[in-house]
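Enquirer: What follows is each chain in one-letter form.
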Amino acid sequence: MPEEVPVLQVDGISKSFDGVEVVNNVSLKIYSGETISILGPSGSGKSTLLRCINWLEKPDRGDVYLAGKRVGRKEDDQLMSDHELASVRTQMGMVFQSFNLWPHFTVLQNVIEAPVHVLGVSKDDAVVRGEHLLEKVGLEAKRDAYPYSLSGGQKQRVAIARALAMVPTVMLFDEPTSALDPELVGEVLSVMRDLAAEGMTMVVVTHEMSFARDVCQEVVFMDDGQVVERSTPDKFFSNPQTDRAKRFLTRYE
Amino acid sequence: MTDLEIVLKEWPRLANGFGTTLLLFGISAVGAFLLGALMVGPLRSRSKIVRIALRSYVDGMRMLPFLIFVYLLFYGLPTFGVKLDAWTAGLLGLTVYHCAYVAEILRGAWDQLPVGQTESAEAHGYHGFRLIRRIVLPQLVLNTAPVLGNQLIYILKDTSFLMIITVQDLTYAASSIQSMYFVPLEPFLIAIALYWAISLLIEGFVRVVHGTAKERGLGHA
Numbered sequence: 001m002p003e004e005v006p007v008l009q010v011d012g013i014s015k016s017f018d019g020v021e022v023v024n025n026v027s028l029k030i031y032s033g034e035t036i037s038i039l040g041p042s043g044s045g046k047s048t049l050l051r052c053i054n055w056l057e058k059p060d061r062g063d064v065y066l067a068g069k070r071v072g073r074k075e076d077d078q079l080m081s082d083h084e085l086a087s088v089r090t091q092m093g094m095v096f097q098s099f100n101l102w103p104h105f106t107v108l109q110n111v112i113e114a115p116v117h118v119l120g121v122s123k124d125d126a127v128v129r130g131e132h133l134l135e136k137v138g139l140e141a142k143r144d145a146y147p148y149s150l151s152g153g154q155k156q157r158v159a160i161a162r163a164l165a166m167v168p169t170v171m172l173f174d175e176p177t178s179a180l181d182p183e184l185v186g187e188v189l190s191v192m193r194d195l196a197a198e199g200m201t202m203v204v205v206t207h208e209m210s211f212a213r214d215v216c217q218e219v220v221f222m223d224d225g226q227v228v229e230r231s232t233p234d235k236f237f238s239n240p241q242t243d244r245a246k247r248f249l250t251r252y253e
Numbered sequence: 001m002t003d004l005e006i007v008l009k010e011w012p013r014l015a016n017g018f019g020t021t022l023l024l025f026g027i028s029a030v031g032a033f034l035l036g037a038l039m040v041g042p043l044r045s046r047s048k049i050v051r052i053a054l055r056s057y058v059d060g061m062r063m064l065p066f067l068i069f070v071y072l073l074f075y076g077l078p079t080f081g082v083k084l085d086a087w088t089a090g091l092l093g094l095t096v097y098h099c100a101y102v103a104e105i106l107r108g109a110w111d112q113l114p115v116g117q118t119e120s121a122e123a124h125g126y127h128g129f130r131l132i133r134r135i136v137l138p139q140l141v142l143n144t145a146p147v148l149g150n151q152l153i154y155i156l157k158d159t160s161f162l163m164i165i166t167v168q169d170l171t172y173a174a175s176s177i178q179s180m181y182f183v184p185l186e187p188f189l190i191a192i193a194l195y196w197a198i199s200l201l202i203e204g205f206v207r208v209v210h211g212t213a214k215e216r217g218l219g220h221a
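Going down the list, the protein sequences come from chains A and B. Each residue of the first sequence is one higher than the one before, starting from 1 at the first, in this note's numbering. Each residue of the second sequence is one higher than the one before, starting from 1 at the first, in this note's numbering.
Think of the hints as simulated: they come from the structure by calculation, not from any bench. All clues given are correct.
Subject to a maximum C-alpha distance of 25 Å in a straight line, what follows is the list of computed DSS-like cross-link-like pairs (lysine-lysine):
#1 A:235 / A:29
#2 A:58 / A:69
#3 A:142 / B:214
#4 B:48 / A:58
Away from chain A, derived, C-beta distances all over 12 Å, residues of chain B:
#5 14
#6 35
#7 87
#8 104
#9 193
#10 201
#11 206
We put the CB at the ideal spot given by N, CA and C, even for glycine.
Kindly produce the complete structure, drawing on both the sequences and the hints.
Expert: In C-alpha cells, the structure reads:
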C-alpha cells in the first residue's frame with residue numbers, strides 16, 4: 001500500500017530570535033482528520049513553531065509541507081513571492097490567542113471578507129456559507145454586530161468561523177482560550193471539539209489539558225524549543241516518560 | 001452707498017472666489033488623501049531605498065513653509081523650463097504638500113495598530129495593497145478622523161496663500177474689493193464667514209466618521 005501523504009509535515013524547523021534558539025529542530029507529521037495538541041510551559045516555543053508552519057515567522061532552517069507541497073520556498077529553494085505565500089496561507093486556517101477580528105467589519109463581514117476579496121467567491125455564496133458557519137458556532141444572531149460588542153468567547157468563535165470560511169486543509173490554533181475568562185473557555189472548546197469530531201485536521205497549541213486528553217490523537221510536549229515527548233494522550237497523561245513532562249503535569253493536577 | 005452695500009454689489013466677485021476656493025479645496029483634499037494613503041504602505045517598505053526616499057519627501061514637505069513651496073512651483077519652475085499656470089501650480093502645490101502630512105498621520109496611526117490585525121490578514125491570504133486597502137486603511141482613517149479633519153482645515157486655509165501666485169480665490173476676491181473701494185472690513189468679514197461655513201461642513205463630516213469609529217470601538221487614538 002502506498003504511504004499516506006501527511007496533510008502537514010514539519011521537517012526539522014528551527015527558529016531563533018536575537019541568537020536565542022526558540023524552536024530547535026522540530027519535526028511533526030499530521031495526517032488527515034487528526035487533531036494534535038502541542039503542550040509545554042510558556043516560552044517553550046510552541047507558538048513560534050505554529051507561526052513557522054504558515055510562515056508568519058520565517059523558519060531559519062527546516063521545511064513545512066502542506067499536502068506534500070513545500071511551503072515558503074519553491075522547488076529551487078528560492079523564497080516564494082508574497083503572492084505565492086499568501087495563496088498557500090489561504091489553505092491553512094489560523095486562530096489567534098487575541099482573536100484579531102477586524103473591528104471595522106461586522107461579524108458577518110469578518111467571515112465573508114477573505115473568501116470574497118482573496119478567494120474571489122461571489123458575495124452571495126460567501127454570505128450563505130458565512131451564515132451557515134455562524135450558525136455552527138452559535139452566533140447567527142450576532143451577524144450584524146461589531147466585534148467590539150462581543151465577549152471574548154464570542155470573538156474567538158467568530159474567528160474560528162472566519163478561518164473556516166476559507167475552507168482550509170488544516171486549522172492552526174494558537175492558544176485559542178488563553179486570553180479568555182475561565183467561564184468562556186468552554187464555549188470555544190466545544191466548537192473545537194465539534195470540528196475535530198467532523199474530521200477537521202487540527203494543530204492546537206494549548207494549556208487546556210482536558211482538550212488534549214479527550215480530543216487529540218497525539219500530544220506533543222515541548223520544552224526549550226525541542227520536542228521532549230510525544231505520545232498518545234492516554235500514555236502522556238497517565239504515564240509520562242520524561243521528568244520534564246512529569247513536572248509540567250503536576251502543575252495541572 | 002454704505003460699505004456693506006458696496007460689498008453686496010460686488011457679490012459675483014465673492015461668489016466666483018468662493019467657487020474657486022471650494023473647487024481647489026475639494027480636489028486637493030481628495031488628491032492629498034489618496035496620495036497620502038498610497039504612500040503609507042511604501043513608507044514601511046522592506047526596501048531601504050524606497051523608505052528613505054519617501055521619508056525624505058515627507059520630512060521635506062513638512063519643514064517647508066507652504067508659501068515658499070508655492071512660490072517655487074510658480075515662479076521657480078519656469079527657470080527649468082516648466083511653466084504652470086497659476087491654477088495648476090496652486091492645485092499641485094496643495095495636493096503634493098498636504099499628502100505628505102496625510103501620509104505621516106496615517107503612518108503614525110499604523111504604528112499604533114495592533115500587529116495582530118495585519119497578521120490575521122496575512123493568515124487569511126492578504127498581502128500588499130489589498131491588505132492595506134481592505135484591512136489597514138479603513139482602521140487608520142477611523143482612528144484618525146479628528147486629526148485628518150484638522151488637516152482638511154489646514155488645506156482649506158492654505159488655499160488663501162494662492163492669491164500670491166494670482167489664483168483668484170476667495171481671499172483674492174475680498175482683497176480686490178477692499179482695494180477698489182477702500183472698504184477694509186466687510187469683504188474680509190464675509191470671506192471669514194464663508195471659510196467658517198466650509199470648516200463647519202468639514203467638522204460635520206469628521207463627526208460622522210468619528211461616530212462610525214466609536215460604534216466599532218475605534219477612534220480612541
